[in-house]
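Number of protein chains: 2
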Amino acid sequence: MKKLINNAESVVAEALEGLAAAHPALRVDVEGRVVWRADAPRTGKVALVSGGGSGHEPLHAGFVGHGMLDAACPGEIFTSPVPDQVVEATRRVDGGAGVLHVIKNYTGDVMNFEMAAELCADEGVTVSSVVVDDDVAVQDSLYTAGRRGTGATLFVEKIAGALAESGATLAETTRVAGAVVARSRSFGIALTSCTVPAAGKPTFDLPETEVELGIGIHGEPGRSRLPLAPARELATVAMDAIHGDLPLAGDLLVMVNGMGGTPLIELYVAFAEVERYVRAKGARVARSLVGNYVTSLDMQGFSVTVCRLDAELTRLWDAPVQTPALRWGR
Amino acid sequence: MKKLINNAESVVAEALEGLAAAHPALRVDVEGRVVWRADAPRTGKVALVSGGGSGHEPLHAGFVGHGMLDAACPGEIFTSPVPDQVVEATRRVDGGAGVLHVIKNYTGDVMNFEMAAELCADEGVTVSSVVVDDDVAVQDSLYTAGRRGTGATLFVEKIAGALAESGATLAETTRVAGAVVARSRSFGIALTSCTVPAAGKPTFDLPETEVELGIGIHGEPGRSRLPLAPARELATVAMDAIHGDLPLAGDLLVMVNGMGGTPLIELYVAFAEVERYVRAKGARVARSLVGNYVTSLDMQGFSVTVCRLDAELTRLWDAPVQTPALRWGR
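Residue numbers (UniProt numbering), protein chains in the order written: chain V, 1 to 330; chain X, 1 to 330.
Keep in mind the hints are simulated off the structure, nothing from the lab.
Bear in mind the structure is a predicted one, so any value in this text is a computation, not a measurement.
Ideal Cβ positions, reconstructed from N, Cα and C, are used throughout, including at glycine.
Any given hint could be a false lead.
[Stated by the list, open to error] Derived Cβ-Cβ restraints for the label pairs, each shown as a range:
hint	chain 1	residue 1	chain 2	residue 2	range
1	V	Gly124	X	Arg315	45 to 53 angstroms
2	V	Glu233	X	Leu142	17 to 25 angstroms
3	X	Pro207	V	Glu118	32 to 40 angstroms
4	X	Asp245	V	Ala198	31 to 39 angstroms
5	V	Leu142	X	Leu142	53 to 61 angstroms
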């Protein structure tokens, strides 16, 4: 295993030290594994808290900042954050208007966020939640009952974060988060496995001549394998799966996301194919994102996430955002 | 070779199609291989043009936009743009106040930009140039007389771009670009080779237990090899090389840059070490950038680039920028 780390046990803590040093607008409790906005809590503002296993960077800590998350709690690599972390994150950013938990649909995450929400309720903090389950690849999976949560998490965090920033109530923010989930779908394809530092070897074997269709962001098995094919074919497989589940129509927000080890030049090649596909269906890529945003350590591959926009979601997507990994406006 | 492409010959053109589809504020001549700002030429504004081989994305086309480059001309993978491309790019963005060519110090790039500048002069366009040669690893190299140009190119493009945006003259813009070069140093380390699509196999062999110190962004040999070591040691090697050449002092702009295949979590681990090193020398990381910015296809590894800031450079670094890969302010 070749990794730019000091040792497998301290990767998450040391990366958080780096995050803290690089981004003065964040506050980081390295021991407690909580990252929050320096300006939190903001009185009267609904706060957004998310979290999940590490290894998906920049998700989630890279999305903490103005117009997006108020706090994130990163677990160990591919491991849910514990309830105490979530409680601590929630406490730190609660401004009295309630806190929305954005949860990717993995059994451990859902359970630990639920426990945390109960503990927060006991302390008088109003918490609501949204569970993101956008991945159409498989129903139930290694760590999931139902669909997995992947790329749409970024859309939920950005769009609901913008609404919360504008002074909306917890009920309104929760409603919009749910609308983004309902309108979003994802599908991922792996060219290689990832390697978890503590494991020291690839999570799964994938021959040099094959790709895994419908891969999960922890290397969970997908639908099937296919001989390595041109980007056009792979993009078509991903888009057929998405379109078959939620027909492409109207204005779309489309992310072509790298799994961590795929260079940008290849992601743009894939994006060109995805955009062509969308046009052929009579829909339109109105907004887009191309890059490594919801990753799986060093895995090579990509995922596509599509959200059917409406005027409200488009306006919220366009609103200013200032986080380490997503910045525009203002 | 496992890559998310259609075929090795069309990677650059297809990635440019993707770039055009993803970024409506850019104009892209896919055939002619020129990318420029939709609002160019801007009368009376000094224009910045850069370019070089593809395979280093987001450099350079990802840095075209408000406050940075006016145009970029991407060559084939790891191949200099031809003079005609540079001429075309220069023509498209010349607003009458002159054009600055930002050139990485590779023999082919320097030669082709020089030829282009002569052709432009014949057409009455005033062109000045700056050659970036920040890589302290080696003197002369596979494609270079003198030092190679690497990460500092981004700093030059951002800082000189901000000055040009503010209405400075060509002489002023050229002077600041030169100042950034004079104050910047880089050093890179590879964990793995890159694979050029047309070659179909790794550019060089690097055993599972070794790293290459002082790697070039095309996989050119560095200074030596070392057994795979913790991030702290690798960061120290890079920083010793930089500090030995230009002592760290005062406020620094520091980039920890991924080579394309290294995930963000590892880059933050490395950044924590770099920041610690800087502090131990009595200097300060005043501004920073952590991510994949000046890459070498799918190579795993990282480089560090340091620039000694002064008040003017800091102000220009902080100025608004709106490009696909670098966005803040405004």
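Verification of the hints:
no.: 1; hint: V:Gly124 x X:Arg315: 45 to 53 angstroms; verdict: holds (46 angstroms)
no.: 2; hint: V:Glu233 x X:Leu142: 17 to 25 angstroms; verdict: violated (36 angstroms)
no.: 3; hint: X:Pro207 x V:Glu118: 32 to 40 angstroms; verdict: violated (53 angstroms)
no.: 4; hint: X:Asp245 x V:Ala198: 31 to 39 angstroms; verdict: holds (37 angstroms)
no.: 5; hint: V:Leu142 x X:Leu142: 53 to 61 angstroms; verdict: violated (46 angstroms)
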